[in-house]
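Okay, here's what each chain looks like letter by letter:
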Amino acid sequence: MSAAFATTVRDLSPEGLVRAAVSGDELAFATIIDRHRASMTRVAYVVCGDADVAEEAVQASWPIVWRRLPSLREPDRLGAWLASIAVNEARQLVRRRTRRSVVEIAVAIRDTDTAPDPSHRVEDLDLVRALAGLNAEDRALLALRYIAGLNSQELGRALGMSASGLRRRLARLLARLRSELSDG
Amino acid sequence: MDDLQMTSFERDLARRLVAYGAIEPRPANALALARDAMATRRPSGIAAAWTSLRPSARAAIAVAILATILVASVVVGSRLLFPTQIVDRRSTEPPPSLLVAGPATEDLRSRWLADVGSIPSIGNGSGPVTLTIDPTGSVLSLANLAPGASFASRATIAGDVLKLELLNAGAGCAAGANGEYHQAQSADRSRLTLEAITDACPSRSEAVSRSWDRTLVGATTVGAGLVDSMEPNFWIRLPDANYESRTLDDFIEITDPTTGGGLVVMKNPQGFADSCNPNQVRYPYKPGASAFVDYFRQNQAFVVVSATPLTIDGHKAIHLVLAARVTGAPCPGADLYAYTPKACECHFFSGDDNLYLVDVDSDTFMFELPLASNPATDLPVIQSIRIPYVPGESSQ
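For the protein sequence lines, the chains are A and B, in the order given.
Just so we're aligned: 177 in our numbering is position 177 of the first sequence, and the numbers increase by one with no gaps anywhere.
Just so we're aligned: 260 in our numbering is position 260 of the second sequence, and the numbers increase by one with no gaps anywhere.
Excised from the complex, chain B in its bound form (with noise of 0.2 angstroms):
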C-alpha cells in the first residue's frame, strides 16, 4: 500500500500527529446515527452506476441520449414526446387541521446565511451567521453567531409552522425552550423568512426571526442561492436537483450525482504549459478573460471555436467555447490538462468545453455548466448571475 516511501523525519512526523489527534470523541449511539443517515434519500442503482462512471463518459451517454431525443421528436412530434404537464404542489398538501408535525421538508434543509447585525442580549460579532438545518431535517443550529449560541434546536414542522425545542442550555435560555416560527420561502425558494409566533428562547427569537438566503455550499434540493465559499459571493439560478457541493480553493463544484448536472466554478483561471504533460508547469498567468482565450488560443492541444463577448451582471464577460484538438493531439493519452485555479494546487482535466469568463473588478471567474452545450438552455442560467452579491439583497 505504501508507495510513498516515509524518512525517518517522516516517520516521527506520524507518531507526533498520531499523538496530538488522540482524542476520544463523545460516546454515541451508531444505530440511531445509522437510522439517521439511512434516512437520507440515495441515488436508485441506475443513479448509482451512472455517479460510477467518469464525468466524460457520462458527458458522451448524455450527448447520445439527447442526440436520440432530438431525432425522436422530429420523427415522432415533439408534442407525444413532451406533453405539457402542469403540477400544483399546493393541491397536494392536506389543509392544516390534518397535517403532522415531522422533519422539516427537503427544501429546508439547506445552509441559510444572513447578516444578523448587533444583537446585544447576544452580544455576537459582526459577519454573515449561517443557519442550517441537517440532512435529516430533524435539527436546526446557527453558526459564527457567538460562542455558546448555536441555537441547536430540535427541528419539527405543520404546515407552514416550524417547531423548535433547544437541546442545550446556553444564550440565557434553558433545555428543552420551545419556539414556534411562521416560515415562508420566496418564489423561487431562496429566500427563507421565519417570523417568531412564540418562543420561550428570547435570545434565540431574536437571532432567527428574519430573512436567510440560501446557500449552495452544501447539499440542497434548490437550485437558486448564493455560494459564499468564495470570493466575493455570488448567486445563481440552477435548475432544481439534489446537489452536493465540493470545494477547493478558490473552486466549488455543485453537483447532482445522478445527472451530472450542475455548475462549475473557478477563480483566476491558469493554464498549463503543456496541456500533455503530467508534471503540470503553470502558464504564465495574466489577469482577465481575454487573456485566458490567448492563453488557449496558443494551446496545440485545443481549438478555439468561438470566443463571444457579452454581458454578466455588468461586466465584461466571454463566452468561450473550446474543442479538443481531434488530429494531431500531441497527449499520448486522453487527459488534457487544461487549467486549475491560480491559488489551487491542483488541475482539472479538460476536453471540449463551453465556458463563461467573468472579469469582476481584478478577478476572474469561470463557470461552466457541465452538461449544457446549448446557449438557448445555459444563457438563463447564465444571466441570473449576481457577482458580488451580498446576502439581504435582491436577486432579481
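One chain only, chain A, in its complex shape (with noise of 0.2 angstroms):
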C-alpha cells in the first residue's frame, strides 16, 4: 500500500507528508496513517494491555489528527506526536472501562488474526505483572518514552506535567519497577 502511494505523493518526507495532508491531499494522509498505525498500536496496546481495545484507540485518533494536524510546530517529530494522541485515546477507553470494572493486562497470546505470528512472542510475565499493577497513566509514560521516545518536552505536553513533575514520577516509577521486575 505504501508503493501505491508513492506513485502520487511527491514528497515523502515526514514535512512534505504533513503538509500535503494539512493542505487536504488524502493520498498524504493516507500515507501517514499506513507508516505510523502499527506503531501507534503498539504503544496504545502497553497502555490498555488488550489488542482490540489499543486498536480501537487508534482508530479513534484518526479524526483528532486531521483536525489537529495544522497545529503541529515540528513535522519531524510526526511519530512522536501520534503516538501521545494514540496513548491519550487509549488512556480515556482504559479510564472509562477501569470505573467500572478492573481491566486486566492480557496475559495470554492473543488470537493469531491479531499477532501473525505468536512464537516470536514469548510473554514476559513479570512485566506483565508488573504493568497490571500500574495505572493507565504511569503505562501511558512507561509507553510513550520507552517504545515512542518522547523528550521530557514532549511527555510533558502529552501528560499535562512539568517536565520535574516528569523527572520525579519516571523516577519512583522506575524504582517500583527494579523491585518488581527480575532480571528477565
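Worth flagging that the hints you see were computed from the coordinates, not collected in a lab.
Positions of the beta carbon are idealized from the N, C-alpha and C atoms, including for glycine.
One or more of the hints may lead you astray.
Unchecked claim - Ranges of calculated distance between the beta carbons of each label pair, as one might list FRET restraints:
#1 A:Ala-38 x B:Thr-308: 52 to 62 angstroms
#2 B:Ala-101 x A:Asn-151: 45 to 55 angstroms
#3 B:Ala-158 x A:Leu-125: 51 to 61 angstroms
#4 B:Glu-244 x A:Ala-175: 32 to 42 angstroms
#5 A:Arg-157 x B:Gln-298: 27 to 37 angstroms
#6 B:Pro-309 x A:Gly-16: 52 to 62 angstroms
#7 A:Leu-125 x B:Ala-14: 15 to 25 angstroms
#8 A:Ala-38 x B:Ala-175: 18 to 28 angstroms
#9 A:Leu-125 x B:Pro-284: 20 to 30 angstroms
#10 A:Ser-23 x B:Asp-240: 47 to 57 angstroms
#11 A:Ala-175 x B:Pro-120: 24 to 34 angstroms
#12 B:Val-304 x A:Arg-176: 35 to 45 angstroms
#13 B:Ala-101 x A:Ala-38: 30 to 40 angstroms
Claimed, not checked - Think about it this way: if two alpha-carbon atoms lie no more than 25 angstroms apart in a straight line, the pair counts; the simulated DMTMM-like pairs of lysine to aspartate or glutamate are:
#14 B:Lys-342 x B:Asp-359
#15 B:Lys-163 x A:Asp-138
#16 B:Lys-267 x B:Glu-253
#17 B:Lys-342 x B:Asp-274
#18 B:Lys-342 x B:Glu-244
#19 B:Lys-163 x B:Asp-107
#20 B:Lys-267 x A:Asp-138
#21 B:Lys-342 x A:Asp-138
Hey, can you piece these two chains together into the complex? The hints should help.
Pasting the structure below:
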C-alpha cells in the first residue's frame, strides 16, 4: 500500500506529507496512517493491554489527528506526536472501563489474527504482572518514553505535566519497577 | 533528542516493553481511514491559528474583542449590532418523503450513557452502558454491556429513523441483521430515546431501545450532558459548540478549540507551597471550599478579589474571584503554579481566575468557565449543575 501511495505523493518526507495532508491531500494522509498505524497500536497496547482496545484507540485517533494536524509545529517529530494522541485515546478508553470493572492486562497470547506469528512473542510474565499493577497514566508514561521515544518536553505536553514533575514521577515509577521486575 | 539519560535498567526495560508491545494490528485500508477522518470538520485557518495560541493569549484577545464590542455597542446601539435572529431549524428540513439516508447527524455523534439493568438474553452484568455513534456518524456500538455484545453496526439515518446493520455476528444475531429505530431527543438534546420499529437482532433491540444520556466526555456538538469520567458524575448545560475533552485524574477539560470556551473541572484542588517554584511542593491539603479560599488568602502571588457564598444544586459553594498580583509579584516568570487535583500528578498555571467551588459530601469540586467572567452569563451555566447525577434522572 505504501508503494502505491508513493507514485502519487511527491514528497514523502514527514514535512512533505504533513504539508500535503494539511492541504487536504488524502493520499498523503493515508500514507501517514499507513506508516504510523502499527507503531501507534503498539504504544496504545502497552497502555491498555488489549489488542482490540488498542486498535479502537488508534482508530479514534485519526479524526483528532486530522483536526489537529495544522497545529503540528515539528513535522519531523510526527511519530512522537501521533503516539501521544494514540496513548491519550487509549488512556481515555481504559479510564472509562476501569471505572466499572477491572481491566486485566492480557497475559495470554492473543488470537493469531492479531499476532500473525505468536511464536515470536514470548510473554514476559514479570513485566506483564508489573504492568498490571500500574495505572493507565503510568503505563502511558512508559509507552511514550520507552517505545515512542518522546523527550521530556514532549512527554510533559502529552501528559499535562511539568518537566520536573515528570522526572519525579518517572523516578518513582522506575524505583517501583526495579523492585518488581526480575532480571528477565 | 534524548534529554533523559537512560540507565542500563531503563535500556533493558525499553527492550522488554518493545517486545511486550510487538503486536501487529489487523490489516486496514489506510485510504478509507483517511477519507473517514477527513470527513470530520477541521477548524478553519483562523480557528486553527487561534487554537495554536496559548490559553492566556486567547483569553487576552477574547477580552479585547469583548471590550471592543461593548464600546461599539454603546456608540452604535445594541439593536444594530445584535439584531434578533430567530432560526427555525425544523423549517429547513425537507419533508420525510424527500429524506435520503445518510450518516447520523452531528448532534447524534456522541457518547451516550444508560443504566440498562439486567437483560436475560444477553446475560450482562450491572452498571452503566455506553452507546457511541462515532465522529463520522456511520458506526454505532455499545460498550460495557457484555463480552461479544458491542453490537457494532453501520448506522444511517433518514428523518427520525435510525437504521442499523450489524457488522459482526454475535449475541445470537447474524452479521448484516437490520434494524430500524425511531430516534427522538429532548429539547436540550441531552437525552436520546431510541424505540425499535423492527430489528432482526432481538438482543440488540433489547439493549438499544431506551433513553440515553449524552456525555460530554469525548467529542460532542451539544453542551448539555453528563460527565461520567469523575466520581460522582455530574450534569451541566454549556452553550452548544464543537467540544473535545481531555481527562486526567480527577480532572476534565471540555473545550471548543476554535474559541477556547468550555469548562474545566477538578476534584479536591490542592495548592502549591510556593506558586513561583517549579519544583511544585504541595501546600498541605485541607478539605472544603473555604480551606481552598484560605490557601489563596495566604498566597503572596494572588489577591482574593471576592469570595461569595452561594448554593449550587443544594450544596454549599463559593464563587471565588482571583487576581494575580501585578505589582511586587515574586515570580521571575509569568507562570504561577496555582493548583492541581489532589490525586493528579499534574499542575495548572493560573493568573486571574473566576472559580466556583462546590462542597459535595467530603469532596470539593472546582468549576471554571475559561472564557466567562460575567456572573450574568456564567451563573446560569453554573446553576445548571446537578451533582451527583445518576443517568436517567431528571436534569431539571
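Verification of the supplied hints:
1. A:Ala-38 x B:Thr-308: 52 to 62 angstroms: holds (54 angstroms)
2. B:Ala-101 x A:Asn-151: 45 to 55 angstroms: Holds, since B:Ala-101 and A:Asn-151 (Cβ atoms, about 48 angstroms apart) stay within the stated range.
3. B:Ala-158 x A:Leu-125: 51 to 61 angstroms: 53 angstroms Cβ-Cβ, so the 51 to 61 angstroms window holds.
4. B:Glu-244 x A:Ala-175: 32 to 42 angstroms: holds (35 angstroms)
5. A:Arg-157 x B:Gln-298: 27 to 37 angstroms: holds (31 angstroms)
6. B:Pro-309 x A:Gly-16: 52 to 62 angstroms: The hinted range 52 to 62 angstroms holds for B:Pro-309 and A:Gly-16, with Cβ atoms some 59 angstroms apart.
7. A:Leu-125 x B:Ala-14: 15 to 25 angstroms: holds (18 angstroms)
8. A:Ala-38 x B:Ala-175: 18 to 28 angstroms: This hint holds: roughly 27 angstroms between Cβ atoms.
9. A:Leu-125 x B:Pro-284: 20 to 30 angstroms: violated (41 angstroms)
10. A:Ser-23 x B:Asp-240: 47 to 57 angstroms: Violated - the Cβ-Cβ distance for A:Ser-23 and B:Asp-240, about 30 angstroms, lies outside 47 to 57 angstroms.
11. A:Ala-175 x B:Pro-120: 24 to 34 angstroms: Because 49 angstroms falls outside the window, the suggested range is violated.
12. B:Val-304 x A:Arg-176: 35 to 45 angstroms: Because 40 angstroms falls inside the window, the suggested range holds.
13. B:Ala-101 x A:Ala-38: 30 to 40 angstroms: holds (35 angstroms)
14. B:Lys-342 x B:Asp-359: holds (15 angstroms)
15. B:Lys-163 x A:Asp-138: Not satisfied, since the Cα-Cα distance of roughly 41 angstroms exceeds 25 angstroms.
16. B:Lys-267 x B:Glu-253: holds (12 angstroms)
17. B:Lys-342 x B:Asp-274: holds (16 angstroms)
18. B:Lys-342 x B:Glu-244: holds (24 angstroms)
19. B:Lys-163 x B:Asp-107: holds (16 angstroms)
20. B:Lys-267 x A:Asp-138: This hinted pair holds, its Cα atoms lying about 20 angstroms apart.
21. B:Lys-342 x A:Asp-138: Holds, at roughly 17 angstroms.
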